[in-house]
Each structure stands twice: as C-alpha cells, then as structure tokens.
Amino acid sequence: MKQFFSVADVANLPDIVDEALRLKNNPFVYGQLGTHKTLGLVFLNPSLRTRLSTQKAAANLGMNVMVMNMDKDGWALETRDGIAMNGTTVEHIREAAAVMGQYCDVLGIRSFPKLQDREADYSEDLFQKFIAYSGVPVVSLESATRHPLQSLTDLITIRENWHQSRKPKVVMAWAPHVKALPQAVPNSFAEWMCRAQGEGMAEFTIAHPPGYTLSEQFTHGATITHVLDDALADADFVYVKNWSSYEDYGKIHPVSGQWMLNHSRLALTNQAKIMHCLPVRRDVELASEVLDSPHSIVIQQAGNRVWAAQAVLKRMLEQLSVDK
Amino acid sequence: MKQFFSVADVANLPDIVDEALRLKNNPFVYGQLGTHKTLGLVFLNPSLRTRLSTQKAAANLGMNVMVMNMDKDGWALETRDGIAMNGTTVEHIREAAAVMGQYCDVLGIRSFPKLQDREADYSEDLFQKFIAYSGVPVVSLESATRHPLQSLTDLITIRENWHQSRKPKVVMAWAPHVKALPQAVPNSFAEWMCRAQGEGMAEFTIAHPPGYTLSEQFTHGATITHVLDDALADADFVYVKNWSSYEDYGKIHPVSGQWMLNHSRLALTNQAKIMHCLPVRRDVELASEVLDSPHSIVIQQAGNRVWAAQAVLKRMLEQLSVDK
Amino acid sequence: MKQFFSVADVANLPDIVDEALRLKNNPFVYGQLGTHKTLGLVFLNPSLRTRLSTQKAAANLGMNVMVMNMDKDGWALETRDGIAMNGTTVEHIREAAAVMGQYCDVLGIRSFPKLQDREADYSEDLFQKFIAYSGVPVVSLESATRHPLQSLTDLITIRENWHQSRKPKVVMAWAPHVKALPQAVPNSFAEWMCRAQGEGMAEFTIAHPPGYTLSEQFTHGATITHVLDDALADADFVYVKNWSSYEDYGKIHPVSGQWMLNHSRLALTNQAKIMHCLPVRRDVELASEVLDSPHSIVIQQAGNRVWAAQAVLKRMLEQLSVDK
Numbered sequence: 001m002k003q004f005f006s007v008a009d010v011a012n013l014p015d016i017v018d019e020a021l022r023l024k025n026n027p028f029v030y031g032q033l034g035t036h037k038t039l040g041l042v043f044l045n046p047s048l049r050t051r052l053s054t055q056k057a058a059a060n061l062g063m064n065v066m067v068m069n070m071d072k073d074g075w076a077l078e079t080r081d082g083i084a085m086n087g088t089t090v091e092h093i094r095e096a097a098a099v100m101g102q103y104c105d106v107l108g109i110r111s112f113p114k115l116q117d118r119e120a121d122y123s124e125d126l127f128q129k130f131i132a133y134s135g136v137p138v139v140s141l142e143s144a145t146r147h148p149l150q151s152l153t154d155l156i157t158i159r160e161n162w163h164q165s166r167k168p169k170v171v172m173a174w175a176p177h178v179k180a181l182p183q184a185v186p187n188s189f190a191e192w193m194c195r196a197q198g199e200g201m202a203e204f205t206i207a208h209p210p211g212y213t214l215s216e217q218f219t220h221g222a223t224i225t226h227v228l229d230d231a232l233a234d235a236d237f238v239y240v241k242n243w244s245s246y247e248d249y250g251k252i253h254p255v256s257g258q259w260m261l262n263h264s265r266l267a268l269t270n271q272a273k274i275m276h277c278l279p280v281r282r283d284v285e286l287a288s289e290v291l292d293s294p295h296s297i298v299i300q301q302a303g304n305r306v307w308a309a310q311a312v313l314k315r316m317l318e319q320l321s322v323d324k
Numbered sequence: 325m326k327q328f329f330s331v332a333d334v335a336n337l338p339d340i341v342d343e344a345l346r347l348k349n350n351p352f353v354y355g356q357l358g359t360h361k362t363l364g365l366v367f368l369n370p371s372l373r374t375r376l377s378t379q380k381a382a383a384n385l386g387m388n389v390m391v392m393n394m395d396k397d398g399w400a401l402e403t404r405d406g407i408a409m410n411g412t413t414v415e416h417i418r419e420a421a422a423v424m425g426q427y428c429d430v431l432g433i434r435s436f437p438k439l440q441d442r443e444a445d446y447s448e449d450l451f452q453k454f455i456a457y458s459g460v461p462v463v464s465l466e467s468a469t470r471h472p473l474q475s476l477t478d479l480i481t482i483r484e485n486w487h488q489s490r491k492p493k494v495v496m497a498w499a500p501h502v503k504a505l506p507q508a509v510p511n512s513f514a515e516w517m518c519r520a521q522g523e524g525m526a527e528f529t530i531a532h533p534p535g536y537t538l539s540e541q542f543t544h545g546a547t548i549t550h551v552l553d554d555a556l557a558d559a560d561f562v563y564v565k566n567w568s569s570y571e572d573y574g575k576i577h578p579v580s581g582q583w584m585l586n587h588s589r590l591a592l593t594n595q596a597k598i599m600h601c602l603p604v605r606r607d608v609e610l611a612s613e614v615l616d617s618p619h620s621i622v623i624q625q626a627g628n629r630v631w632a633a634q635a636v637l638k639r640m641l642e643q644l645s646v647d648k
Numbered sequence: 649m650k651q652f653f654s655v656a657d658v659a660n661l662p663d664i665v666d667e668a669l670r671l672k673n674n675p676f677v678y679g680q681l682g683t684h685k686t687l688g689l690v691f692l693n694p695s696l697r698t699r700l701s702t703q704k705a706a707a708n709l710g711m712n713v714m715v716m717n718m719d720k721d722g723w724a725l726e727t728r729d730g731i732a733m734n735g736t737t738v739e740h741i742r743e744a745a746a747v748m749g750q751y752c753d754v755l756g757i758r759s760f761p762k763l764q765d766r767e768a769d770y771s772e773d774l775f776q777k778f779i780a781y782s783g784v785p786v787v788s789l790e791s792a793t794r795h796p797l798q799s800l801t802d803l804i805t806i807r808e809n810w811h812q813s814r815k816p817k818v819v820m821a822w823a824p825h826v827k828a829l830p831q832a833v834p835n836s837f838a839e840w841m842c843r844a845q846g847e848g849m850a851e852f853t854i855a856h857p858p859g860y861t862l863s864e865q866f867t868h869g870a871t872i873t874h875v876l877d878d879a880l881a882d883a884d885f886v887y888v889k890n891w892s893s894y895e896d897y898g899k900i901h902p903v904s905g906q907w908m909l910n911h912s913r914l915a916l917t918n919q920a921k922i923m924h925c926l927p928v929r930r931d932v933e934l935a936s937e938v939l940d941s942p943h944s945i946v947i948q949q950a951g952n953r954v955w956a957a958q959a960v961l962k963r964m965l966e967q968l969s970v971d972k
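Residue numbers (my numbering), protein chains in the order written: chain W, 1 to 324; chain F, 325 to 648; chain V, 649 to 972.
It is worth saying that the hints were derived from the structure and are not from the lab. Here the structure is a predicted model, which is why all the values come from computation and not from measurement. What you were told as hints is all true, and nothing was included just to trick you.
Taking lysine to aspartate or glutamate pairs in the EDC-like style, the calculated list, with each CA pair at most 20 Å apart, reads: (1) F:K326 to F:D647; (2) V:K672 to V:E808; (3) W:K72 to F:D395; (4) F:K453 to W:D283; (5) W:K129 to V:D940; (6) V:K720 to W:D71; (7) W:K114 to W:E124; (8) V:K972 to V:D753; (9) W:K129 to V:D931; (10) W:K129 to V:E937; (11) W:K72 to V:D719; (12) V:K815 to V:D882; (13) V:K777 to F:D616; (14) V:K777 to F:E613; (15) F:K453 to W:D292; (16) W:K179 to W:D117; (17) F:K396 to W:D71; (18) F:K326 to F:D429; (19) V:K762 to V:D719; (20) F:K453 to W:E289; (21) V:K672 to W:D105; (22) V:K720 to F:D395; (23) V:K777 to F:D607; (24) F:K348 to V:D753; (25) F:K396 to V:D719; (26) W:K24 to F:D429; (27) V:K777 to V:D765; (28) V:K650 to V:D773; (29) F:K361 to F:D429; (30) F:K491 to F:E527.
Go ahead and model the full structure; you've got the sequences and the hints to work with.
Here it is as structure tokens:
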C-alpha cells in the first residue's frame, strides 16, 4: 500500500478488516516491522483520536514517530502554483512535503476543507500535492473530502458487533449541529459502506433532510431517504453524523422536524448499536440518554482507531521492504 | 496504586520516599517494566517541569509516552452534565476521558483552577470525572487544589538534605507575587507535611499574612503564624510560595510588612535550605541573593521531580500487572 | 564536543564533514550510543527542518527526545539580570536552563533575534546564558546570529556534489524578500565558508546590494561584490539567501537592479548547483524555474540536516562518556 486516501486504495476490504481484528488480539506481534522507520504526523488542524491512535499504532509496530503541528509550530503553507509568494505564506507545499519526505519513511497529514469553495475543496489539491511531492507513502489523517482511517474503523466496529448470518442494516442518520461541518466523515463512511454493500457485507441507507444530499460519487448504490423514521425501522447500526450542505456548499439550512436521535427514536430500530466518530455535541447531535446507554458503542469505536491505523501502517511498511 | 491525586493515595509515606531515592541511584533498573505500556500526558495549561520530568520518568521505565496539549491541539472540553452542548465546547469530558483511556495504560492530567468559583474549583469536578470516565490509573499533573508530584518531590528533597537525628523544622512561607496564583501547591505541600509531621518525620509551620489562611483540610496539625520572623527562627527548610486568598477566593490582598525572603531574613534561620516549586519571580517572591546562594536547593528540588514521577508510575505499572 | 554554536567549536572541519557522510551511508551503526540519554529540544520560535531532522538524528543514535515549545507550552522567559520580575515574564533563564539541564543529557535551543537592538542580539545573551546555566552540552538550533547545523549541512552538501580536483567556486547571493530576516544563516554560512576557504576547500564570494554588508567577523577572507553577475560568473554553487541590513540594523533598504536568480542568470554560472536553507519564497527570492530544475539541490540539502545533527550529537555523546 503506497497511499491511503480512499476506499479505492484497499484491494480487499474483508482482508484488511480481518487483519485489523487480528492486530487487536495481538498488538505487538509485528513489533519489529517498524524498526528504524519513522512516521511523520502533520497536523494543519486539531486532532485527539487520530493523533493519539495513530501514534499508538506506530509504537505497536516499533516505529519512531514525529508529530508536526504545522499550523502552530511550523510555517504557513502555500499550495497555489504560478504565483509570487509575496504574501503571508512562508513555505510552498512543494518544498515542505519534499523535505518531510526526506526525514520520514511514511507521512500522515490532516487538512480540513475551508468550506468556502466547493471545487477547490473537492479537488483535494493540498493532499494530492502532498502525495506528489513527498515521495513517500502517505496516510490521510482526514482530508477535505474523506476520513478513511475513520471509515475503516467503522467497518471493523460493525464486524465486531455483528454475529448473525444475515447482512446488517446500517443507517447513516444526519443530525443537527451548531456549526457548519465538513462532509469528509459522511462522504467517507458512505464510500466505504457502498463498497461493503456491493460485496454483500451490509445494507446501507442514508437519511438526511432535504438540502443535505451528498455528492453522488460517494453514495452510489445507497438507499437515500428524507424520512428518518423510515430509515431507522429495523436498523442494526445507526451512524449519527452532522454535515453541512454540499449543494449550497458549506451552508447550514434550517430543517423541519426532529433529527436528534433519542430513546423513543431508538425504539424504532432493531435494538441498534449507535455509532459516532466523535467529538459529539451531547443533546444537540445525539441525546445523552442514548450516548450513556448500552446501545452506544462510540468508545469501542474510537478505541478501534488504533487497529485501523496499525493495519494500514503495517501494509505500508511491508510495501517499503518489498520496494527496497 | 490506581490514582495519585492526594497524600491519601499513598499507603506508606517513608516507603515511597525511599523508593524514589533508590530510583535516583539506579534509574534504569526497572527499564522493562513499562514495555508495551503507554502513558498519556494531557495538558490543559502550560507546563515545563511536570511535562519534561514525567516524560523522562516514563522513558526510564521503558514506557511509550504521548503528549496531548488539549488546550491547543485538541478540542475545547465540556465538563457540565445535563446541558445541551450548543455553545463553544466541542467535546464532553465523558467521551474525551474514555477515549484517551482506550489508547493509554496510564493517564496524567493537568488542569488549573479558574479562581472564580471556590466551590467549583474545590469540587475537583474535572479531575474526578477524568478518573471516573477514563477507566485507567490517573496521575495528577496538578489539579485545581493539589500538586502531589510536587509534594512528593519536596519530601524527597528534604530527606536528601537532612542528616541529623532530630526532626527538621520545615516552614512554608507565603511570598509576594504580581498575579493571583492557585492554592494547589501550598495546599498540597501542607497536606503532605502534616502527614509527615504526624508520622514523626518533621515539624511543620506555616507563615502567611492575615487573609491568606488555607483551607483547614490541608493544614490540620500545622503551626500557623502571621509573623514571618517567628516562623523563620531555627528553621531548617524554608519553602517559599505565593498563593491567592482562599477566604476571599482568588483575590490578592494588600499585605503589611515585608514578606520577601532575603539574606537578612535568612540569618534568622538555622542555615536553612531554601525551596521553591518554580517558576519563581526573582526579587518579587524571593531575593536573587538567596536564589543564587548555596542555601538554595531549588534546582536539585526540580531535578527530583523525575524520581517522584518514576516512583508513582512504577507503582501503577506494578498494579496493572497484578490486575491483569 | 561540549557546545555547538559556531564554526570555532569544530576542531577539524573535513573530519566532521566526512563523519556526517559516513553516517548518511550507515545511519544506525551508533544506534546504542544514545541509550539512556535524553535530548531536550527547546523552541522559542517556529521550526520545521531543524525540529524534525534533529529528532531523527537523535533517534538514529538511540536517544530519548523531548520537545519543548517554550513559547507556547511553557512560561515566558526573562533573560535580564538585576531586575525585579514584576512584569509579564514568568521564569528566569537561570532557573529554566538549569532545570532542563536536570532532565536532559544534551540540550538544543532555537531563539531568533528581535532585530531591534543590534548590540543585544549580537551579544547572544540568551544563548550564552542557556549554556552557562544548563550545565550540559548545548546545540544551537539557530541563535540570534548563527545557524551552525545549517552551515555544517551546507558544507556536507557541497562536498557531496563536487567531484573535481580543483576548488569549487561558492557564491552566496543576496536575494529579495518581503520581510526583514535575521543575518543568522548568511553570517553562519560565511563563517563556515571562510574557514573552508582558509583550509583550501573552496573559493568563497558574497554578492549583495549596497547597504547589506554583513559583520566583518563572519566574512573575513571572502571576496565581496555588489555586482551579482560578476559573482555568478563561473560559480559552481550559488547559495541564495535574503537578509536584512546589519548596518541599518534589521531594516530593509530598497535595492536597485534585479537580484532574484532565474534561468538567464543561471546561464552565467558554471552549470551551478543552487542551494537555499528553506523555507523559500518562490518567485520572490528565487525563480520557480530554477527551484524546479535539476540545478536545485535544496531538497537534498534539507535532507542532509539529519547527518549534520547526527555528527554533532554523536560527538557530544562520546564526550559525555569520556567525562563520566
């Protein structure tokens, strides 16, 4: 594996999920694989789960880890080509990425979208340039449009919590929020679940209010409804998530009806397990009564971030030793 | 040891002091104890000594360390229950603590008081919730009302510098400052010294101006005076420290008389050793002529932070292997 | 080696360059030298290359590394003596340095000049006090007037790229910028190149506009011209760098003529290799057409920062074991 940016970078979906679960049972069995290999984690935005779980995964593999809070400890980055850098940006991503590639065997980068120019955000310009110029394998720690370590984690968590022979019904349910959030997590979850559905691993439904349709490239094959209660009927897993509008890009539209999941709504489901990528706004996105109930698997889900990262890093390290 | 928050978490005071001094003489003898164990250090406030000494202690024990500057690199934390999170806080401590507990075998957290609401600060709400929700052993890196790693260090340092059969006279002397500081360090030093006095290890006196009485729960058994020179008479150790008012909570009262320790004041003592937790405001809290004299043991004291942290982490690691 | 602050701290210049290149070929051969040794990296200013390359170098030697962003995660430092600390600075460098020396076997520190008071900056007061009070070997990560890890890197890179028996002609060419930058990098490069020239390793020329003369202590022996094209004639290496005025301290003077290196200027040289310490302002300091051409060795140069740091740290570790 030379990059981990979208589900397309995974050749065999069940394989990587199985491998992550084997690593969870036996975290240190590849503890020598990363000897003398350095992982650089570059953050242009805040991070708790991604920061710590990826560090932990790398330590389990015996890697050296260096964290770079580029937004605070480094220099303001320029990504545009063909302009004279006479403004406030101090270093071009061409140099910054190439230099970090000199010091690191694998790089991870987090960069949120600005939510102002859809075309710019969806071009994934920064991320693609980072890959192009760094010259080493790159893991997305969440980019403008995707969060693949989260999505792999989500599949692992569903697998861990499903013990029946029929396919689970998985619902991604839009939830209210006070801020405009990126589409990266829902895009990515949809992309991975549509792939899983195509491989017979699940049935996937998305429920959101009018005005919150995601880009079709991520949701192709999903059942989509504007009626939350219809979606919740017989759901085995409910993935709660807010996102801002893709159509009226980055905006928050007023919605009619109640979209926060609570106990009475939960009763519509098939005793569903409740998932969320966190951080979650209690009693805005999701009722505390649900979060604090045994239905919630959000902490287990967050814990699984380690094994998703470890499975990805393991494959990159194996590729490095093949390429040598 | 499953938590280290106050002196009550230490079963045998002389034992842990002795152990810390043995570790100082032989820092790497338990270098395998922390193999495959991760320490997470969570800072909601600045830190120099605590940050570096605790990292160093963990490294001496072979632990993996992850540092999280929550105030800058993570998300704004909510601690209140029963409110809808529709304001500026992004993540509830219930989730944040539980998630970090997924990634770390032991956690440390630093959180200063706001000095605005005494009841809120002294409830130690954040720290207690962090313990409750993280599910792993937690070390205080200074909480609203206590700084136990500092106090253990202080006892170690007094032990190291006392070679007579009689009990040393230890004086905690209030000192001037330009800002309102928490009571955490003086509360904690008093709590530990009162315990030490009760076990026949020292005689403990506190000197402060009127209006600066500490909460009696920390000072029970100490001799308390408003006359600094009386306290200094025959003192073997003088612990210099400013704090803001506990009574008129978080306020600075004008004080009469001179409260800064200088050479002429030092002459009243029994050639006392001078201690301070640092950082110290030179020539405001403590005269440079004292700080730069052989009487000052503040650097040795700061160095001992490593061994206090290492003794505590060692006990937590041993407990983890027992619980397994 | 007990300090690394200027070229004067290097006894034998070709030796350390050779050693760095041997380390590049065999990075892990001294992987046990740093066992149980801790490097503390203290940043008072932003850093990308220095931060990551020095961490990497220390890891290659098996050292434990602790990074301290003093400007953000610690306390505001006072450096003046003889004043009462009743202002905004919280800790004096006397204590801060001494305390960090308690926790670390080797320290590195970065501190930029303020560019307001030449005498203050050129006294290197902060750096010298840090050395004096820390009590351990100190590596400059760039001080007010010098950047020796960069300059050693530059010599390594020239050596790597020169395979002829005659001495290479090395030109340091002033370049335009939008901000007032320190003289640390050009001072340091000049200091190291003048030493190299004195030892028959190169011929060294500096080209800058009137008003940008560097302090003679750094440039003694160099050929200095105000005519860029004259300097470029037959150049084998061109080191592009902006600096603010030393004479009219910290100021930017309007310059006449074109000072940015581009393809047509490059044609004047002997197919010169182009160097820059980075970050570089594209199409302000240096034309993109040059940066993106095979003439540019700026990424290789940045990569070599690891080997310069590793050679210096190796010597300090060896000294520590001698002193023991």
